[in-house]
Amino acid sequence: MFLVFMMYVKLKFFGIFRDYLNNEIDVKVDCGSNISDLKCYLRDEIFVGEFKILIGVLDKSIFSTDIIILSDDYILKSDDIIYLLPPFSGG
Amino acid sequence: MCKNILISVFDDKISLNFLDFLYSNDIGAIVSFAGVVRNVNNNRNVSYISYNVFDSLMYSLIKDKCISLIKDDVCTKICIAQYKGVLYTGGINLLIGVGSKHRKKALLYCNDLVEFIKKEAPVWKKEYYSDGTFNWINS
Chain A
0 MFLVFMMYVK LKFFGIFRDY LNNEIDVKVD CGSNISDLKC YLRDEIFVGE
50 FKILIGVLDK SIFSTDIIIL SDDYILKSDD IIYLLPPFSG G
Chain B
0 MCKNILISVF DDKISLNFLD FLYSNDIGAI VSFAGVVRNV NNNRNVSYIS
50 YNVFDSLMYS LIKDKCISLI KDDVCTKICI AQYKGVLYTG GINLLIGVGS
100 KHRKKALLYC NDLVEFIKKE APVWKKEYYS DGTFNWINS
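So the sequence lines, in the order shown, correspond to chains A and B. Per numbering that gives the first Met the number 0, the very first residue in the first sequence carries number 0; after that it's consecutive. Per numbering that gives the first Met the number 0, the very first residue in the second sequence carries number 0; after that it's consecutive.
Among the hints, a few may not be true.
To be verified - Computed list of lysine to any residue pairs in SDA-like fashion (alpha-carbon distance at most 20 angstroms, straight line):
hint	chain 1	residue 1	chain 2	residue 2
1	B	Lys62	A	Lys59
2	B	Lys125	A	Arg17
3	B	Lys118	A	Ser35
4	A	Lys51	A	Ile68
5	B	Lys125	A	Asn21
6	B	Lys125	A	Asp25
7	B	Lys125	A	Ile54
8	B	Lys117	A	Phe4
9	B	Lys118	A	Ile67
10	B	Lys117	A	Gly48
11	A	Lys59	B	Leu5
12	B	Lys62	A	Val47
Claimed, not checked - Have a look at the derived ranges for each label pair, beta carbon to beta carbon:
hint	chain 1	residue 1	chain 2	residue 2	range
13	B	Asn40	A	Ile74	39 to 47 angstroms
14	B	Ser55	A	Ser77	37 to 45 angstroms
15	B	Ala28	A	Asp58	19 to 27 angstroms
16	B	Ala28	A	Asp18	29 to 37 angstroms
17	B	Lys103	A	Lys27	27 to 35 angstroms
18	A	Ile45	B	Asp10	46 to 54 angstroms
What the hints assert, rightly or not - Covered by chain B, according to a simulated footprint, are these stretches of chain A (three or more residues, beta-carbon under 8 angstroms):
hint	region
19	69-76
20	80-86
Hints in this document: simulated from the structure, not taken from any laboratory. These numbers come from a predicted model, not from an experiment. Just so it is clear, CB atoms sit at the ideal spot from N, CA and C, and this is done for glycine as well.
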């Protein structure tokens, strides 16, 4: 038997995403998932139906904690708070 | 070093008095930049802009940038004010000031910071037009 352990991370939104989604959602991902996996999950499970129009923005978006930008290979930890940042507009 | 850097996010009017932070006896040049909401963008009449700002990430990224610029130069001071919320045309959305011993460094650093913030600061602009429509810039 092959067991896959799951965990929750909190995903918070900025910019255009807030017009379509709540300010934040809880996401259930496999333990050991990284930012690339999270992006795939969002594309396949969250940005569907009426939210599909956001996929183009998602593909150009980056992820961060509250103080640093995260690379695609950052390994998520249980209860992490991650921010999804659409392309910046400039100050 | 951090006592020479002031970064603030305002949800009310940004005053030019913010630049007072830069004045001291060893500063010989002060260069400032003010970004202002203009009334036309891409041939559309702008009524106002709503600024969505990620405060903590902005502080972190800009502080690192400022430290990388001034390094151990104790005679250079930087202040940056970013507006968040709704701002009508004519309002100041960004104010950057650099004070240094000499003008060349102040001019260089100010320009560097403007370019950095325009590209790297976690700020999102939702532009509202006179015809009632809106657009998220760059999204």
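We went through each hint and held it up to the structure:
1. B:Lys62 with A:Lys59: 25 angstroms, violated
2. B:Lys125 with A:Arg17: Holds, at about 11 angstroms.
3. B:Lys118 with A:Ser35: 23 angstroms, violated
4. A:Lys51 with A:Ile68: 25 angstroms, violated
5. B:Lys125 with A:Asn21: 17 angstroms, holds
6. B:Lys125 with A:Asp25: 26 angstroms, violated
7. B:Lys125 with A:Ile54: Judged against 20 angstroms, a Cα distance of about 19 angstroms means the pair holds.
8. B:Lys117 with A:Phe4: 42 angstroms, violated
9. B:Lys118 with A:Ile67: Holds, because 16 angstroms separates the two Cα atoms, which is no more than 20 angstroms.
10. B:Lys117 with A:Gly48: 33 angstroms, violated
11. A:Lys59 with B:Leu5: 31 angstroms, violated
12. B:Lys62 with A:Val47: The hint is violated at about 38 angstroms.
13. B:Asn40 with A:Ile74: 39 to 47 angstroms: 41 angstroms, holds
14. B:Ser55 with A:Ser77: 37 to 45 angstroms: Violated, at about 22 angstroms.
15. B:Ala28 with A:Asp58: 19 to 27 angstroms: 44 angstroms, violated
16. B:Ala28 with A:Asp18: 29 to 37 angstroms: 43 angstroms, violated
17. B:Lys103 with A:Lys27: 27 to 35 angstroms: Once the Cβ atoms are compared, 55 angstroms apart, the range 27 to 35 angstroms for Lys27 of chain A and Lys103 of chain B is violated.
18. A:Ile45 with B:Asp10: 46 to 54 angstroms: At roughly 30 angstroms between Cβ atoms, Asp10 of chain B and Ile45 of chain A fall outside 46 to 54 angstroms, so the hint is violated.
19. 69-76: violated (count 0)
20. 80-86: holds (count 4)
The earlier numbered hints that this structure contradicts are 1, 3, 4, 6, 8, 10, 11, 12, 14, 15, 16, 17, 18, 19.
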